[in-house]
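*Asks:* The chain contents come next:
2 protein chains.
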Amino acid sequence: MDHAPGDTMCPRYQQAVQILGKRWTPLIVRTLLPRPRRFSDMTTIIEGLSDRLLSERLKELESCGIVHRHVYPETPVRIEYVLTSKGRELEQVVEAIQKWADCWDEGTRN
Amino acid sequence: MDHAPGDTMCPRYQQAVQILGKRWTPLIVRTLLPRPRRFSDMTTIIEGLSDRLLSERLKELESCGIVHRHVYPETPVRIEYVLTSKGRELEQVVEAIQKWADCWDEGTRN
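Line order of the protein sequences matches chains D and V.
Quick note on numbering: the first sequence equals residues 1 to 110 in the numbering used here.
Quick note on numbering: the second sequence equals residues 111 to 220 in the numbering used here.
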């Protein structure tokens with residue numbers, strides 16, 4: 001990595017963590033990795049996530065260019081959420097977390 | 111990764127994200143990657159992090175086996191916080207976030 005980690009805090013890292021560390025966000029990103037999703041698909045997959053919070057998180061992710069809200073002009077209108085290229089590149093982060101989680105499943109402490 | 115991401119939520123991923131996604135935690139882990147740190151080193155490096163919250167986070171990280179609190183029996187007593195092997199393996203997560211953050215620095219919005 002570009003920055004020697006730890007001796008000073010990298011503002012880019014800090015900013016990324018501020019976006020990605022929000023509750024539900026890493027779950028939403030993971031859900032969108034394989035394919036675009038409708039709003040209701042996401043609340044089905046992510047147990048406990050309310051409509052209000054999903055809506056809030058999606059707006060945040062749109063505003064920082066991670067998610068695109070695609071409106072298909074059909075009748076009835078169809079809306080899907082899709083990762084942008086910036087969003088798709090979060091796959092490496094999701095995979096790193098998954099790998100760590102699989103390796104250190106509960107029970108195996110240090 | 112072991113699990114097809116997205117169609118169902120992997121409970122291990124969800125649990126990892128619950129630990130790692132807490133405010134300050136990814137900054138604390140990053141700070142401990144290069145070397146053990148004293149409490150006051152960490153509050154110096156991580157701007158805005160209060161003693162109370164650092165103490166709380168370190169206890170959480172100890173309880174899930176990511177951080178070890180090392181007490182050197184000297185006079186005065188010296189206490190350092192060090193990543194366990196489980197904690198050191200978070201380097202891959204920190205690096206993935208850093209890489210993503212460096213690549214998508216503000217301004218470059220898909």
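It should be emphasised that the hints constitute simulated quantities derived from the structure, not laboratory data.
This structure is a prediction, so every number in the text was calculated from the model and none was measured.
Glycine is no exception: its CB is placed at the ideal position from the N, C-alpha and C atoms.
Keep in mind that the hints are not guaranteed to be accurate.
As the list claims (entries may be wrong) - Derived coverage of chain V by chain D (criterion: at least 3 residues anywhere in the stretch with Cβ under 8 Å from a Cβ of chain D; other residues may be distant):
| no. | segment |
| --- | --- |
| 1 | 120-131 |
| 2 | 135-146 |
| 3 | 178-186 |
| 4 | 202-215 |
As the list claims (entries may be wrong) - The list that follows gives simulated cross-link-like pairs (lysine-lysine, BS3-like), each with its CA atoms no further than 30 Å apart:
| no. | chain 1 | residue 1 | chain 2 | residue 2 |
| --- | --- | --- | --- | --- |
| 5 | D | K99 | D | K22 |
| 6 | V | K132 | D | K99 |
| 7 | V | K196 | D | K59 |
*Asks:* The structure should be examined with respect to each hint, and the outcome stated for every one.
*Replies:* Structure-based check of all given hints:
no. : hint           : result
1   : 120-131        : holds (count 9)
2   : 135-146        : holds (count 9)
3   : 178-186        : violated (count 1)
4   : 202-215        : holds (count 14)
5   : D:K99 - D:K22  : holds (20 Å)
6   : V:K132 - D:K99 : holds (19 Å)
7   : V:K196 - D:K59 : violated (34 Å)
In this structure, the earlier hints numbered 3 and 7 are contradicted, and the remaining ones agree with it.
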